[in-house]
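J.: Residues per chain are reported as follows:
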Amino acid sequence: MKTLERPPGVLSEPEWRVEGRDKVTGAARYAADVRVPNMLHAAFVSSPHAHARIVKVDASAARGMLGVRAVITGADVRPARYGRRLQDWPVLCWDHALFIGDRVAAVAADTPEIADAAARAIAVEYEELPAVLDPEAALAEGAPVLHLDPSPYLYLGGKRPTVPNANVQGYGLHEHGDVDAAFASAHRTFEHRFTLARTHQGYIEPHATLLWLDGDVVRVVSTNKAPYGLRQQMAACLGLPEEKIVVDAGHIGGDFGGKGHSIDEFVLYYLARATGRPVRAVMRYADELQMSATRHGGTITLRTGVDREGKFVAHSARVVFDGGAYAAGKPVATLMPGEAMVTLAGYHLPNVRVEAMTVYTNQIPAGHSRAPGQPQNVFAAESHVDLIARELGLDPLELRERNAIRGGEIDVEGDVWHDSAAHEVLATLRREARWDAARGRGHGRGIALGARPSGRGKSAIALRLDREGRVEVLTAVADQGGGQHTLFQRIVAAELGIPLDRITVRRGTTENTPRDAGIGGSRVTPVQGGAALEAARKLKAKLDEVAPGAPFAEAARRAAPLEIVAEHTSDANVNAVYAYALEVEVDRDTGHLRVLDAVLVADVGTVINPVAARGQLEGGFIFGLGQALMEELRVEDGRVTTTNLGDYKLPTIADAPPLRIVLLTDSPGPGPFGAKSVGELSNPGVGAAVANAVHDACGARVFSLPVTAEKVFSALRTERRAGPQEGWHTDAVRE
Amino acid sequence: MKLAQTVTVKAPRDKVWGIVLDVPAAARCVPGVASVRPAGSDRYQGTLAVQIGPVRLVLDGDIAITARDEKAGTASFRADAKDSRVGGAIKATVDLALADRSGATDIKIATDLQVLGRLGEFGQPVIKRKADQMMGDFAECLARAVAGR
Amino acid sequence: MTYDYHEPREVAEALHLLVKHGEDAHLIAGGTATVLLLRQGLIRPGHVISLRAIGALSGIGRAPDGGLRIGATATHRQAERSADVRALSPALTNAFASVATVRIRNQATVGGSLAHADPAQDPPPMLAALGAAVTIVSPRGARSIAVEDLAVDHFTTTLAGDEIITEVIVPPLAPGTRATYVKFLPRTADDYATVSVAAAMRLADGAVADARIVLGAVGPTPIRARAAEAALAGAKPSRERLAQAAALVRDEVDPLDDLRGSAEYKREMARVWTERALLALVEA
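Taken in order, these protein sequences are the chains called A, B and C.
For what it's worth, my numbering labels the leading residue of the first sequence as 1110, then goes sequentially.
For what it's worth, my numbering labels the leading residue of the second sequence as 6, then goes sequentially.
For what it's worth, my numbering labels the leading residue of the third sequence as 1089, then goes sequentially.
Okay, chain A solo, but in the shape it has when bound (with noise of 0.2 Å):
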């Protein structure tokens, strides 16, 4: 193991945020606050049905009616498409509507009201196709392919990879080692299929826009993490360079994965274009609920082989996750979730066969939620392992310490671990949690250990040096809850040596900023926070050239005025690892359980904004407990059911059982002074551990998520019936 290289004292101090006075004190702006005068304001057709042909568009009562200014449809922005990284999702339909949702025509009008109602007294005729609602009948033979043509589909940076069906969106095939062979010989083999539900990001800020032309350059205000990943997108499917493109995109209001997909950005530009005026748009969480890029629901098998010791010697998977009407939500090169391949992280797999993919449907499109992908495996992995412990009479913590990975062995994906601090995490698990004191009656204990790669990219970030000493930061990187702005000024804070309050960090434009790889996949440590500290380094250099020896305020009053740009690229593979314990109670006669308590032992390497780590753990926590017990997008026929938050409930503050983190630091991370990534690490682990506490308390196994009350309900009353469940499925014993 590496030795750690110890970070200067100024991190060991509670940071104080540096944008939280203005986001206590109100004066933090949000897209939906920027107003310009001239303002319009947009409102959207959308179809009502889950397939069909659109036959006619009637705009002409609208376009008749006071103050509105434009009425767009399909035919104006054909053959425009957008989306992260394939770009299939039209601007607005003008031939086929593929979903509940799916936008026809466009308005612009002086208020949102006016611009409601011509919206209301626009006429589409449809012709409804059959829909596909289900990823098995999308791949079924026969099926209605959902995108006929999908040959001028941009795919942006590179070629988009082949699938094996026309209503696959991205699929993978990993396999390494002899899986068939290694089947053959196991001692024993399980199986188990899941089922997950499609879910929300749940931020409070909606989506928000304002877009105007500015002479030959178009200005957007956006809710858009990843400002430069919006430019190149609009770039792309407008036909504009992008230079002509700025994206403003200030504080963000929660993300959770879902801030790195606009939808609205596209069309504006159209009604801005055809009115010369600015527009304006703020989606109403009603549609939030009902068309933005959502956590993919799906199912997953798991069939793994053991050997007399309870070694997996063989694993083998099938991942299919509903990727609704469109991939435009996906940014990676897959066009599936992050991790949709990674089916039993954190442990030594010598023989791995793992298929995944995402499938057309005419449903809400799914896309990125904090960590995608994971919370769907981890729990399929992780109740997978528990049944398996049960099934072999071995203690479920003592099954994972069998398999846990080390350093020198190879993961499902068949990369070699360098190091692991997968033994430590379960020892000290084990130890915090006091697994081996016996449980409290009608109480029920439950794991999930998982692994993240801390995250890769690119970025750049600006140094200015002024003679007073002071020091601007310049990023492109908004601060959307994470603690980005605190992160990058104690980095630079501790490299130079200098207080605090010397450091002050700005926000910019894509006009005015280096360009960066934004918010998301875990990045903004290792690769923005890298790149704070390699220009903090730069420019130490520079000082020592100008003024050898010499204290930093007097370096800093001969080499001022000075700007340092850096670039930085992590890549490195370096994983994390974390384990959760939970208890249960559960209440045999409703199913209802309660979380009593919780562990969670996260390697995290150094730490930096000690708060922050602890929050957005703890914030993880609680979005994870969310997906465990109660999010649900419920769907009837294609349409989604649960159109606002008091349906779609989210947990707050009250629901939070008390939660133990132990954080272990000495396994050093990719990032600036060792560091790892903790934002997508403790959300995908707790619908495992509650699904495995359930089952330890009362018996009963939900192999779905979310585990509600009626599910633990019926599961107790199949329990009471014996036999087999769904889902359940155990070859018989290879001697």
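No wet-lab data here; the hints were simulated from the structure.
Even for Gly, the Cβ is constructed at its ideal location relative to N, Cα and C.
Just so you know, nobody snuck in bad clues.
Simulated pairs of lysine-lysine, DSS-like, Cα-Cα distance not exceeding 27 Å: (1) A:1567 - A:1651; (2) B:133 - B:113; (3) B:20 - B:113; (4) B:113 - B:76; (5) B:96 - A:1165; (6) B:133 - A:1820; (7) A:1165 - B:87; (8) B:7 - B:133; (9) A:1268 - A:1567; (10) B:96 - B:7; (11) B:7 - B:113; (12) A:1820 - B:7.
FRET-style restraints, in silico, Cβ to Cβ: (13) C:1190 - A:1129: 19 to 29 Å; (14) B:85 - A:1761: 40 to 50 Å; (15) A:1271 - B:74: 46 to 56 Å.
Put chains B and C on the given structure of chain A with help from the hints.
T.: Just chains B and C now, with coordinates in the frame of chain A:
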């Protein structure tokens, strides 16, 4: 959403047939129907007022007879109506099947109802309950109407 | 969303406006329900008449007969914190305190929630179990109706378009009356109930002299469990007897299949929570 009702009418099948296919007469049995007037062969226009608590909908649309087989005693209707205040529409297909039952007639009504647009954002389970109630009232009223002729 | 906003100071003035604007008018008190309906575009009134400035509709106090008068525009929070409410029935305090979050309770009014008639609300079943009535005025005069009879369907009451709820009257409780309110919340602490049970019972000589059981969230209105009540009348409240009575509510409720549970699950939960409520009363 799918709804199903069955009522038994003390009248022979041919008499029942005559009434259920007299759309303006049958439509009077739907609570809230204001007017139904012919608009071409086997097509009718009408207005339906529905109230769920404070939410008042005025659905303007048409009904068409899409299939009829007197011998088999089956008929199908299609209704499309729009509410322009809230913004939304309903679409329904109604399949009627009449069956003799020793002098009386069973009327089976199978409805497939779609609530489209913003209208559908108002609790679907409540809408379903309301629609179920309305179709139940319709069936019973139809039975009374037949018996009264 | 444009409308004329009226803020009358007197009930008579509010009635006058209500009559004048007819179907184009909508009353608002706390606005927690009405504003949502407005924002969703489900109602589009031309005139919104606020009741909040009418002093006569506010306040909570003991009635001369030992009962309680809760003004229609008293907030849930005021009711929850009222010593008079607690003195009459801690269970009623609990029902008010069970509503959503403190932010909602600070805004939503007691009369407004009764007029909105969402069957999943907390106070109406408890008020009905305690035999409360509402006073209603219109240009034709005043009338009183039992809370139990006010709601007739989802979001629908017997209130005519020109009527306003002015107060809720809770009668004094007969000595020895015990009451409880239980709410099953399997999702979040601030959710609507999956099922709620309000029960009041008076024991005399070891037998049930009087029992009222009203369930919330399992029908188009709060549901009075008369069969269960009848099964208890005059009986010794043994565990078996309570369980038998509770089992009868399965057929008295009429729940919807929705995201808070299937109808079948809610029937079973209605049984379980009725039994728990009854046990709590007997073992208190």
